[in-house]
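**Student:** One-letter residues, chain by chain:
Number of protein chains: 2
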Amino acid sequence: MTAALPREFALIGRHFRPLAAPAGLELGDDAAVLAPPGGRELVIAADAMIAGVHFPPDENPARIGQKLLRVNLSDLAAMGAAPLGYLITLAAPHDTSDAWFAGFAAGLAEDQARYGIGLLGGDTTATPGPLCLSLTILGHVAPGCAIRRRGASPGDGVWVTGTIGDGALGLAVLQGRLADASGRLVDRYRLPQPRLGLALAGIAAAGMDVSDGLVQDLGHLCRAGGLGAEIETEAVPLSPAAQAAGPDWLSACLTGGDDYELLLALPADREPALLAEAARAGVPVTRIGRFVAGSPVVAVRDAAGRAMAFGRGGWSHF
Amino acid sequence: MTAALPREFALIGRHFRPLAAPAGLELGDDAAVLAPPGGRELVIAADAMIAGVHFPPDENPARIGQKLLRVNLSDLAAMGAAPLGYLITLAAPHDTSDAWFAGFAAGLAEDQARYGIGLLGGDTTATPGPLCLSLTILGHVAPGCAIRRRGASPGDGVWVTGTIGDGALGLAVLQGRLADASGRLVDRYRLPQPRLGLALAGIAAAGMDVSDGLVQDLGHLCRAGGLGAEIETEAVPLSPAAQAAGPDWLSACLTGGDDYELLLALPADREPALLAEAARAGVPVTRIGRFVAGSPVVAVRDAAGRAMAFGRGGWSHF
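Quick mapping for you: the protein sequence lines, in order, are chains A and B. Our numbering runs 3 ahead of the 1-based position in the first sequence. Our numbering runs 3 ahead of the 1-based position in the second sequence.
Chain A on its own, in the form it takes in the complex (with noise of 0.2 Å):
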């Protein structure tokens, strides 16, 4: 007889086929084989999303891909490493149409070629509940040069790239909460642009990215640490977007995720070091606060000096 293929091998064979990196053995065989870069490390880590807790279930579904296999290069990014490739696996509800797979490919297909990688492999399944999807990232590092999230002394500065609170405040706008006429929050919340390609090994004392708010990302860096940090909601940066939201959004952006910004420990005898590298990117850095001695506790100081309480620390998917 001839063995009917069944639909899972006709979606694999029609959308992701064409998105294999050659290691990816064309997603015909039971595993990927991979020659890991010589003299590197490797660095690997695996998120997760799902339709209506990370994303809403009509988003577009080139968004969608976009999005997972960005979170994912952004802990790259955190780490100091250079992408390699990955692996998706994605269980989808039966009435998934192939329309919907070919706009989760093309979505993946368009940032491929923007960060130079391929798929390696997967797996597609069914699922009576919501769309959920994981994907695994490889990337490389020089041997002892990822970035940790421990290292931060007191008197390091707390440095962020970019702008923070944009894609709490797109979600906002998404649900109807804030209105935004340039259209770049709800941009930053479906898109967000890993800080992928920076140098700083040997420059960031610790780092990670900030994913689930800076402020509960930041306390992340202090338990690492063994310290605590203060920072100046006036130091922020704020996109014009955000800025035009108002200060009773200031707390939001604070405390939102899905930033995807880099959150930095600096000994001030580096920030000429950080400055030059940043510059050589094309990517904003500030300054917007200090660790310090002690348990930690995260200090946030508004314009008078005055400390702000919030009710909740970050978002947690759980």
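Certain hints may be false.
As the list claims (entries may be wrong) - Some chain B residues close to chain A (C-beta under 10 Å, calculated; not the full set):
id : residue
1  : Phe12
2  : Pro131
3  : Leu136
4  : Arg151
5  : Asp272
6  : Pro275
The hints are simulated quantities; they were obtained by calculation from the structure and are not laboratory data. From the three backbone atoms N, C-alpha and C, an ideal C-beta is built for every residue, glycine too.
Given chain A's structure and the hints, the job is docking chain B onto it.
**Tutor:** Chain B only, in chain A's frame:
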């Protein structure tokens, strides 16, 4: 303020951090950092499992964790690779209990010890849908020695490890469609035994694991190699429990999923080498047919030499 840690961080710290390999950095960073084994190629695969699709929703959580790990280990075994580590993403319903997570992690811990690997990273999130799991496995192999699906030649024998059909019959037992006093069939469905540790490089001309049904998966080897295959049903090794189910269940054995045995193409002059290696590893191997020139058709003949036909070639998750 002290950023209150949401439940996902508590879950990770309590249940998953103890599973972390050294390269997993205690799951406290944005990614794992791994020095690849010198002079080896990496082998990487990912598989997803959904409650109600791949396992019963009330399945013992330890068994879910073990099966998730083992189906991925089976992909490494199919390539002739040795395991290195893994990442998990887990989307769980909001009401998932702490005891469930503890059981799931205990199953992983048991198999980590069995297979000598550790957790590298992942993601935990909530979903309004069913439990949705994804695991990415990393392994390594000597350069050029990965077993591929392509490579079979006309005249090569079709070989399998172990016994075929127990997993599919085990599912039938769980569904109340079949009785099995021995409990062996359900055990095989619940806990695959990945065939790691067979040194097949230079012996098998092609191979894969049998996960979606023998006939369908043999069809994959045929398409990859551009040839056909013939198998004799009386040569297919069945366990005592599968034999006890009787001839009505033969078709289910040949086309059902969840075997996680290896399916190999073996040139006749390498039979002694395979038999010696199988004896060394303590893994039964059986010749069930041959590859033939022609179109990628799998011919299945019964004990009387008659061609058998099946309604479907295997098990699809879509």
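**Student:** Can you list which hints this structure breaks, lowest number first?
**Tutor:** Result: hints 5 and 6 break, sorted rising.
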